[in-house]
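Novice: Sequence:
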Amino acid sequence: MKQDFTPSLTAQVSHKSTRTEIRAQVRSARRSISSNEQQGFAASSAQLMLAEIIKLEAKHVALYLTNDGELDTCVLINALWDLGVHVYLPRLHPFSKGNLLFLAYTPTTLLMQNSLKIWEPKLDITQMMLPHRLDVVVAPLVAFDKQGNRMGMGGGFYDRTLANWTEQRKPFPIGFAHDCQQVENLPCEHWDVPLPMLVTPTRVLVF
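Residue numbers (the UniProt record's numbering): 1 to 207.
In short, the hints are calculated from the structure, not lab data. Computed from a predicted model, the values in this text were never measured in an experiment. Idealized CB from N, CA, C, for every residue including glycine. Some hints could be false.
Pair ranges (Cβ atoms, derived) [said to hold, decoys possible]: (1) SER35 - LEU111: 18 to 26 angstroms; (2) GLU57 - PHE207: 18 to 26 angstroms; (3) ILE125 - GLU184: 38 to 46 angstroms; (4) SER44 - ASP124: 16 to 24 angstroms.
Start from the sequences and build out the full structure, keeping to the hints where you can.
Specialist: Set out below in C-alpha cells:
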C-alpha cells in the first residue's frame, strides 16, 4: 500500500545538512531505540516484509545481520526459513574492493567478523549466489527520503550490487528501516540507486 510520508527527522535534518551530518543524526536516532521497542518493531516490520516477499513469489532472498541500531532482521530470517525460502547474507569480496558476495545462510552457517566489525559467512564458493540470480535484496540503509532515495554508510556496496537491477529486473531491492530514518530530502550522487519499495515497522512505501 502507498502511504503518505511523514518525515521523522525534518526538524533535526535541514536541507543544508551534509551527508556526514545526516548519517550521524540518523544513526544516533536509531541507536536511541530501546531493546523492547526494537523487538516490537522487528516483529511488525517482518510481518509486512514477509507479505511483500510472498507477493513477489521470491525463493532466493538476500538480507543482512543487524548492526548499529538497524532494524533487526532475525524475526524475518526465521520466518523465511520456516517458509522454505533460501536466505543469503553479504560478505566483503576478498579480491574486488568495494563489492559484495552473497552466500547461503542457514542455522548452521559459520559466521566471522569482517574488517568493518560486521558478521558475515565464512567464504565458501559452493554456497555463493550471483546477485542477478537473487529474487530480492533486502537492503540496509542509514536514511531514506520521500522519493525513495537511499543513503548507506558511504562504501557504495549496495549501489554497486544493484546498479543494473532495472535492466535485469533482478534482484528486486526493498529497503528495510525504522520510521525515524526518514528525512525530507537526501543529497544524492549519480551512482546512488533509488529504491522501488521500502518497509518500516508501520508502513510499506512504494516509490
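Novice: If you test the structure against every hint from before, which numbers come out violated?
Specialist: As far as the earlier hints go, only 4 is violated by this structure.
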